[in-house]
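Start from chain G and add chain E according to the hints.
Top line first, the protein sequences correspond to chains G and E.
With the numbering used here, letter number 34 in the first sequence gets 19, and the count goes up by one each step, no holes.
With the numbering used here, letter number 61 in the second sequence gets 46, and the count goes up by one each step, no holes.
Honestly, the hints are just simulated from the structure, not real lab data.
Just to be clear, a hint being listed does not mean it is correct.
Taking lysine-lysine pairs in the PhoX-like style, the calculated list, with each CA pair at most 25 angstroms apart, reads [said to hold, decoys possible]:
#, chain 1, residue 1, chain 2, residue 2
1, E, LYS75, G, LYS285
2, G, LYS242, G, LYS181
3, G, LYS75, G, LYS55
4, G, LYS181, G, LYS285
5, E, LYS181, E, LYS75
6, E, LYS285, G, LYS75
Which chain G residues stay away from chain E? Per the calculated CB distances, all over 10 angstroms, these [to be verified]:
#, residue
7, ASP(-13)
8, ALA98
9, LYS263
These stretches of chain E come out as covered by chain G in the derived footprint (C-beta under 8 angstroms, 3 or more residues) [unchecked claim]:
#, stretch
10, 11 to 17
11, 29 to 38
12, 48 to 58
13, 181 to 193
No residue lacks a Cβ here, since even glycine has one placed at the ideal position from N, Cα and C.
2 protein chains.
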Amino acid sequence: MDAISPADIDTAASRIEGVAVRTPLIRSPLLDERVGARVFLKAETLQRMGSFKFRGAFNRCAAIPPEGRKAGVVAYSSGNHAQGVAAAAKLLGMPAVIVMPADAPRPKRERTAALGAEVVLYDRAREDRAAIAREIAERRGAVIVPPFDDPMVIAGQGTIGREIVEDLSALGLSPDVVVVGCSGGGLAAGISLAIKTAVPGADLYTAEPEGFDDMARSFVTGHRERNAQMSGTICDALMSNTPGELTFPIARRLIGKGVTASDAEVEAAVAFAWRELKLVVEPGGAIGLAALLSGRPEVKGKTVVAILSGGNVDPDLFSRIIAA
Amino acid sequence: MDAISPADIDTAASRIEGVAVRTPLIRSPLLDERVGARVFLKAETLQRMGSFKFRGAFNRCAAIPPEGRKAGVVAYSSGNHAQGVAAAAKLLGMPAVIVMPADAPRPKRERTAALGAEVVLYDRAREDRAAIAREIAERRGAVIVPPFDDPMVIAGQGTIGREIVEDLSALGLSPDVVVVGCSGGGLAAGISLAIKTAVPGADLYTAEPEGFDDMARSFVTGHRERNAQMSGTICDALMSNTPGELTFPIARRLIGKGVTASDAEVEAAVAFAWRELKLVVEPGGAIGLAALLSGRPEVKGKTVVAILSGGNVDPDLFSRIIAA
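Chain G extracted, bound-state conformation:
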């Protein structure tokens, strides 16, 4: 039994309606030409707080009954999930505590704090962020919003797949191939469930950074494999060490195969998106586009969707990439 059912995604879609941005499927004749396919980019870069994370976070937070909301929510993240949870809690009038590493970039701390969240710093080398979050949640009676391994978070991300199917259908199309960036697998699990429910014949692929392809290797062995290292890719959003307990069985059954892209290919995709698509995409958010532009998977002549999952990138890094 999967952690979630298609009905959970429908429920999530109702919860986020009018709150999350219904992001467009963006087309580019030049991209079509380059890839040799009909390519649609689901621009979650245009989502609230610049990444898809708001969907799952809002779905989880909004499911907390009114009497439980006063105690608020707790999350641990230094990246997009932190901002997604902080924004969701703010909209729902709930307090939020975000546990972040003490060495997280100051702008990320400030952005999270600006949303009204309480930022608790920890020492990345000595302390366990999950334990800190648990301790805070227990003391306050607050709910932990995990970054991916949670049924309602997965269902929230699944709304992306639902919108893809609906919007393509309005154009008289359905997806042949969908490429989903993958870290813990929340996005991959949610989207695959939504797409395969509506279009059983669609072919899905995870996309991961080279050397961080724990999901793809887990597909092969059937067990949740680990990456050899915890850092060392430009895709800072895609460094989760192993597939989630809940996300893996779904992704394995409905996706089952993955592609990778090198840092150089990801940088080229970020630069391509800037120069030709006029979209700001962070490295981790461009992994699917990077794979497609590098010919993986083979999609000639097909209707293909890639998710641009986020656009929160440091200006110095971005400037370096677009200057190259």
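Frame of chain G, contents of chain E only:
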């Protein structure tokens, strides 16, 4: 009598259908909050070649009968219009000559040449680009595609207004206020005709750089005024010296009022679009957004549309703006 009628815009819409990108109206909850209105951004940054110019260029080129196409087209521009014309001609299998200043940035020349256009350089200080273009056109029997003062170019840009009305209508809305960036006035004339035909009560404004508000001053005096200088704004796309002969009467009757934004306000808008909207917008393309973010015009509580007219910006300039 105006240079074009609403029916010309309908014809243009048929011509560009399936060739031009039907660009999305992009929303941002954060932008709505900042402006205090329901703001829609018509993202012509996502158009072919990164600006709205492709529409008018394709409409003009496609109107040339088959027997006239072999002689091709001629245009003078160092910017977005050059690329629009080159791309339109390429799609129609026509030769194109683009007259560009010899000191135009090398990437712009290369991009234009990469589209198969012949680039003819001239000396900005000594030579008259219009005369050079006329001479080439006469010698070859080619058609000149002017940047704005041409009925079919105006009608092509007008398709943007048509799409705005249609897409808002699908959401049960209609525009209260539309802010259109303005240089020679092709975009302003075309859009205003499309919008006012469908929504007579809509309130339109041109947006121009401070010191380059020839259109706004012409609205006041009723005559085509000139700017005091030919350079000196960050909005390189908006330095036309005076309103067009054909565009002015239309814009005067249907728009009639303008706002301006300073270079600092434009830079802030480009940075805002990068940081919060994840969109790449060139300075001239952000003039309407800059005005709105600066409180001009007053739009509280209204349904407002601004055109993001282009996204072709030099990487060094962009890096400087987003670092600030």
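Do the hints match the structure? See the list:
Simply put, E/LYS75 and G/LYS285 have alpha-carbon atoms about 23 angstroms apart, close enough for the 25 angstroms limit, and the pair holds. Proposed proximity of G/LYS242 and G/LYS181 is supported: the alpha carbons are some 14 angstroms apart, at most 25 angstroms. For the hint pairing G/LYS75 with G/LYS55, the CA-to-CA distance comes to about 12 angstroms; that is within 25 angstroms, so the pair holds. Between G/LYS181 and G/LYS285 the CA atoms are separated by roughly 21 angstroms; this keeps the pair inside 25 angstroms, and the hint holds.
Taking the CA atoms of E/LYS181 and E/LYS75, the gap is about 33 angstroms. The hint is violated against a cut of 25 angstroms. This hinted pair checks out: E/LYS285 and G/LYS75 have alpha carbons roughly 23 angstroms apart, not beyond 25 angstroms. At roughly 32 angstroms, the least C-beta separation between G/ASP(-13) and chain E is larger than 10 angstroms, which holds for a residue marked as non-interface. G/ALA98, annotated as away from the interface, keeps every beta carbon of chain E farther than 10 angstroms; the closest lies near 16 angstroms.
The Cβ of G/LYS263 does not lie farther than 10 angstroms from every Cβ of chain E; its closest approach is about 4 angstroms, which violates its non-interface assignment. Only residues whose beta carbon comes within less than 8 angstroms of a beta carbon in chain G count, and the stretch 11 to 17 of chain E has 5; three or more means the coverage holds. For the stretch 29 to 38 of chain E, the stated coverage by chain G is satisfied: 4 residues place a CB nearer than 8 angstroms to a CB of that chain, which reaches the threshold of 3. With a cut-off of 8 angstroms between beta carbons, the stretch 48 to 58 of chain E has 0 residues touching chain G; three or more are needed, and the interface restraint is violated.
Look at the stretch 181 to 193 of chain E against chain G: 0 of its residues bring a Cβ nearer than 8 angstroms to a Cβ of that chain, fewer than three, so the hint is violated.
The structure shown violates the earlier hints numbered 5, 9, 12, 13.
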